[in-house]
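Colleague: Residues per chain, in single letters:
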Amino acid sequence: MVQFLSGYVMYTFSSIVVYIALATLLHLQFGVTGIVNFGVVGFFGLGMYAFGVFLIQYHIPYIIAMLLATVLTGVVALGLGRVILQLDSQSILVATLAIATVVEDLATSEKWLTKGVIGLGTVPFPFDLGPYSQVAYFLLALVLTILIVIYAYRVESSPYGRLLLSIRDNEPLAQSLGKSTSRQKLFFFAITSALMGLFGTLHASNVHFLVPRMVSPGVTFTVWIALILGGRKKVLGGLIGTLATIGLFDFVIETFVPIPASAQSQLMPVIKLWIYGLALMLVLMYRPSGILGEKKL
Amino acid sequence: MSFITDALILGIIQAAPLVLAAVGFTLIFYLNGFINVAYSETITVGAYFAIVFNSMLRLNFYLAIIPSALLSGVISVVTYLVVFRPAFRRGVESTEMIILSVGLSFFLRYSLRLIFGSDLYSLDIVSPTSVRIFGVGITNIQLTALVLVAVISVALYLFIYRTNYGEMMRGLANNEVLAMVSGINPVRVSVLIWFIAGVAGGLAGLFYGVFSFVSTLLGWKLILIVIMVTIVGGIGQVRGALIASIGAGIITAAVTLLTKPLYGEVILLLTFIGVLRLKKSRR
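Protein chains in written order, with my numbering: chain A, 1 to 297; chain B, 1001 to 1283.
What the hints contain is simulated information worked out from the structure, not anything from laboratory work. Possibly wrong hints are sitting among the right ones.
[Stated by the list, open to error] Cross-link-like lysine to any residue pairs, in silico, SDA-like; alpha carbons within 25 Å at most:
1) A:K115 / B:T1259
2) B:K1280 / A:L186
3) A:K272 / A:P260
[As the list claims (entries may be wrong)] Covered stretches of chain B, as calculated for chain A (at least 3 residues, CB under 8 Å):
4) 1007-1016
5) 1074-1084
6) 1221-1233
7) 1270-1277
[Unchecked claim] Far from chain A, by Cβ distances over 12 Å, these chain B residues were calculated:
8) F1003
9) L1057
10) L1100
11) S1118
12) L1143
13) T1163
14) P1186
15) I1246
Every residue, glycine too, gets a C-beta built ideally from N, C-alpha and C.
Hey, can you work out the whole structure from these sequences and the hints?
Modeller: The following block contains the structure:
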């Protein structure tokens, strides 16, 4: 039992839970509000590295470092949002992608802070409970993810959620009804991005050593593929999509399908991303609303 | 003084392949109105074709340029006919088209990875001779790239603004129904544009392959800068893409000379975000 509660299975489950949260937050940004955030990993990575630097280099207590990193991510998102959110969606797309690239570049180049490719570590688990440290960490990530999903549910049926939906569908119209759309959009973007940063800080505990490879665009696209596959307009779209992609490949296939060890490390990641790409194309062509489909009017 | 000339010359040389990629990308962006992320693989494919013809089939480097460029054009046309045209006909919106192109980009990149593995390849070039211009060393291959870029840019410019096909393309981009009523065959013009864009992208990849190793990530590392340059230059503005590419080259070269290479990219991207904003507020 203790063996099951620590090590590889818990590591995989924790990653899946973090990705579910990211995909649900992206659902709120893209599916609900219509913000094309192609820089998910920028905010996730900023939270992760800021937390690591506060904790390891400046010896700030765990929980305070976590909060500081989340706030910092939110402030950066607020600044970026002010500059780009009123542009057309193609400009928002490239600008967010660019910010993510900047984060990755700085994580690599600022060795005095991040130790570059050597890696920044060791980030401990939040609670020191001996053999149960990892499972406690998993439960924390799980609870926070469930809170995000519940929030996503509630926002949709609230007046605030309807305002967000109207921003997605027709922003000038919402504006003409006297809603401060640009401000609401900006704050919503900043808060959801800060939460992406919070899950970055959580993920740091799971991986222990932070290297720039972890903040590569692959993270962004994995989240996007999960959300599109699951159904971007559904609250559970991110959850279903993450289970159908990362859950299937990183847990089910890796654990239960006998694959030779050499193919496991070399070939599987390539085949996985190849299938992700193919699946994304097929979904957008033949079922653009994803597995869960769209609400009927 | 020497810093300024160094930055200018190095910048223009580094910008040469970027100009090709940006011009090709601009054509597709102008014609179809979406950001084709899979264009990164058109660039990569050009470099890999050059590896096949030059390093594996032992063809002379300059001879290998021709089939590599043409085949990249063919690949580009195939992506249009097999993926993008059917998607347009199914009514996929422009934001979804971008995500679709990301899917295609993954599919193609990891197809290449399955075929060629994760090895780094390099082109087989007889030791390059170098000439000095204003005290900056330039190899003959860099000069070839520069001349080719100049020739192709001028040819493309004339093609778009002076020929029948160029006029058809502009007509199609502005108003597809009107263009069709006027007797323009949209498929034929589109195929031609995607072919030209593919040739330009393939050549860009090939020349990048000369100065660095060829890997499946070659195009992906460039595509963000290509997209930025195109948007900043103005959609469908070949001239704008040209100027923005050279500007990007010079900024990168100048920052790299002063500090670390990675800062070049950081400052370039932040500058671009600022420019995006400025362009918007001027409108």
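Colleague: Confirm or reject each hint.
Modeller: Verification of the supplied hints:
Only pairs whose Cα atoms come within 25 Å are accepted, and K115 of chain A paired with T1259 of chain B is accepted, the gap being roughly 18 Å. The suggested pairing of K1280 of chain B with L186 of chain A holds, with an alpha-carbon distance near 17 Å, which does not exceed 25 Å. Distance hint between K272 of chain A and P260 of chain A is fulfilled; the C-alpha atoms sit about 16 Å from each other, no more than 25 Å. Chain A is given as covering the region 1007-1016 of chain B, and this is violated because 0 residues of the stretch bring a CB closer than 8 Å to a CB of that chain, at least three being needed.
Coverage of the region 1074-1084 of chain B by chain A is violated. Counting CB-CB distances below 8 Å, 1 residues qualify, and the rule asks for three or more. Restraint check on the region 1221-1233 of chain B versus chain A: 4 residues with Cβ-Cβ distances below 8 Å, three needed, restraint holds. With a threshold of 8 Å between beta carbons, the proposed coverage of the region 1270-1277 of chain B by chain A holds, since 6 of its residues qualify and at least three are required. Look at F1003 of chain B: its CB is around 22 Å from the nearest CB on chain A, clear of 12 Å, so calling it non-interface holds up.
Even its closest Cβ contact with chain A, about 25 Å, leaves L1057 of chain B beyond 12 Å, as expected for a residue assigned away from the interface. Non-interface status of L1100 of chain B relative to chain A is broken: a Cβ of that chain comes within 12 Å, the nearest being about 5 Å off. A beta-carbon of chain A is positioned within 12 Å of the beta-carbon of S1118 of chain B; the least distance is around 8 Å. Chain A leaves L1143 of chain B outside its interface by the beta-carbon criterion, the shortest separation being 30 Å against a cut-off of 12 Å.
Every CB of chain A lies more than 12 Å from the CB of T1163 of chain B, the least distance being 29 Å, so the non-interface label holds. In this structure P1186 of chain B is separated from chain A by more than 12 Å, as the shortest Cβ-Cβ distance comes to about 20 Å. No beta-carbon of chain A comes within 12 Å of the beta-carbon of I1246 of chain B; the shortest separation is about 20 Å.
Going down the numbered hints, you'll see the structure goes against 4, 5, 10, 11, while the others check out.
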